[in-house]
Amino acid sequence: MSPLRTRKVRPARDVVFRELGGEMVLLNLHSGVYYGLNESGAQMWTLLAELGDPARVVAALEREYAASRPQLERDLEALVAVLTEKGLLEADEN
Amino acid sequence: MAVRPWLPPAYRPGELDHHVLRLCAPEPVCPPLWVHPEPLLERAQALDVFPLVFHRLHQSLRGLPEKVSPAWEERFRANAARNLLHDIEQQRLLARLAAAGVPALPLKGTRLAARLYGDVALRSQVDIDLFVPPRSLPAALAALEADGYQRTTAVGLPAARLAATGDEFTSGCALVKAVGGMPVLVEPHWRLLPLDDLGHEALAAQGFSPELEFLYLCLQASSDRWGTFKTLVDLAHWIARQPLDWERLTAQAEQRGAARILLVTLRVLLHYFDLAVPEAALRRLERAAPRVLPRDAVANPFAPLTPLSPAATHRSRYALRERRRDRLAYLAFLLRPTAADLGAASMPAGLGFLSWGVRWLRLAGLLEGSGARPAPAEARG
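Chains as they are written, first to last, in the working numbering: chain B, 1 to 94; chain D, 95 to 475.
If you're looking for bench data, these hints aren't it; they were derived computationally from the structure. Hints are not guaranteed to be accurate.
[Claimed, not checked] With a Cα cut of at most 35 Å, we get these calculated DSBU-like pairs of lysine-lysine:
(1) Lys86/B / Lys271/D
(2) Lys8/B / Lys86/B
(3) Lys86/B / Lys161/D
(4) Lys324/D / Lys161/D
(5) Lys324/D / Lys271/D
(6) Lys202/D / Lys324/D
(7) Lys202/D / Lys271/D
(8) Lys202/D / Lys86/B
[Said to hold, decoys possible] Just a sample of chain D residues kept apart from chain B, beta carbon distances all over 10 Å, derived:
(9) Ala175
(10) Val220
(11) Gln244
(12) Val273
(13) Glu295
(14) Ala405
C-beta: ideal position from N, C-alpha, C; glycine also.
Next comes chain B alone, as it looks inside the complex (with noise of 0.2 Å):
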């Protein structure tokens, strides 16, 4: 089982989100660490912010994309990597 459907995730306090300039805009503002997100990237959080479960965000993008699951479950745990490093995301405990 990949380690994605294992834990949850949520945006990180502090930070908040909105599409601007044709793209999702991540702020952190306690570190003032911002992110831009493409157009599948911005689908992909608006996805974890709403259901915190990876492994839903998935089946919820299988149903969006033509991408076969191992691919979009790749694509969503690198992007979950890159946020969590940054400090956007973070585990979920509840």
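For this one, chain B is given, so just place chain D on it according to the hints.
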């Protein structure tokens, strides 16, 4: 006999500026393929319209070629993030001021960007401008300072004395705070001279009417002698996108003695942009046309704005006032102490009236080229 319309000095944009101008127009036109985007973006950056130009090039059928430096995209994103921060912080500050019983209104800023361009990322913004009535300035400054903001100008001046000052177009007081590692600059404005009643009316109505806000932007344009390209682009987009009641606008301008400023603004805009301004409105405003307006009262928006001498600044501002009573009020206004005068000599509270003497002494120095109120280029809000 037909009256010859008053026309502003005609500045012709250079070739690159011409492409930037067309890209920034309400109905944009992309430059031909042989125009390389790098110098175009650099020029847009210099004219303070980079986010709009970058976005429009990016969105165009032509798109941005691979060879464009990724630094431009990063710069665009940094501006978007900063504006997002400004937007969030502005909302938070308005709530904080409301909780402290301070009526306040945002001026320009992200709200304007969203209205004119549909996206707060498409306009550059350096600070958060807020209007507060003079009587509420002490409470506003106290609330901002309690929130961690620190004054960068008018440091140590009692807020009540500051509230009694006024300067054209400048805030006279700026505060800064680091939010998430980014400095956020806040400028409270307590006078919107020479249309001081605009802010009070807008507060009473819980917001500017489109006509009053347009007049305020015209005033802003006049403060930089119509030489700030970004402000002209804002105004052009306003005319194209925000419905204006022209009858009401011209009547409001006439009532407030701002018909001349409105006329100059519209004529300058029509020189650069293809806009639907009713001929009847222009004809009506022609009655307020300046008989003599110094040529340097209207600057070239494609050239760096060079400050006028204090005497030339006051001559221009005086010439823009169309009513005798406004000219007299301007002369009286010149005698009033500014925040800078108060800061020039610290006096005990009971002797505050002496700051008027300081003002007059500095004004006397003005005749020799010192002690002036800031010239427009230095006075941007």
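Consistency of the hints with the structure:
1. Taking the CA atoms of Lys86/B and Lys271/D, the gap is near 23 Å; set against the 35 Å cutoff, the hint holds.
2. In summary, the hint linking Lys8/B to Lys86/B is supported, as the alpha carbons are separated by about 17 Å, within the 35 Å threshold.
3. With a CA separation close to 28 Å, the supplied pair Lys86/B and Lys161/D stays within the 35 Å bound.
4. A threshold of 35 Å between alpha carbons decides the hint, and for Lys324/D with Lys161/D the separation of about 27 Å falls inside it, so the pair holds.
5. Pair hint Lys324/D plus Lys271/D holds up; C-alpha atoms about 26 Å apart against a cutoff of 35 Å.
6. For the suggested pair Lys202/D and Lys324/D, the alpha carbons sit about 12 Å apart, so the restraint of at most 35 Å is met.
7. A threshold of 35 Å between alpha carbons decides the hint, and for Lys202/D with Lys271/D the separation of about 20 Å falls inside it, so the pair holds.
8. Taken as a hint, the Lys202/D and Lys86/B pair is honoured in the structure, with Cα atoms around 32 Å apart against an allowance of 35 Å.
9. The claim that Ala175/D lies off the interface is violated: its Cβ sits roughly 4 Å from the closest Cβ of chain B, which falls inside the 10 Å cut-off.
10. At the 10 Å boundary, the C-beta of Val220/D stays outside the reach of chain B, the nearest C-beta of that chain being 17 Å off.
11. Chain B leaves Gln244/D outside its interface by the beta-carbon criterion, the shortest separation being 18 Å against a cut-off of 10 Å.
12. With a least CB separation of 6 Å from chain B, Val273/D falls inside the 10 Å interface cut-off, contrary to its annotation.
13. Every CB of chain B lies more than 10 Å from the CB of Glu295/D, the least distance being 32 Å, so the non-interface label holds.
14. Residue-level check passed: Ala405/D sits 44 Å from the nearest beta carbon of chain B, beyond 10 Å.
Taken one by one, the earlier hints fail for this structure at numbers 9, 12, listed in ascending order.
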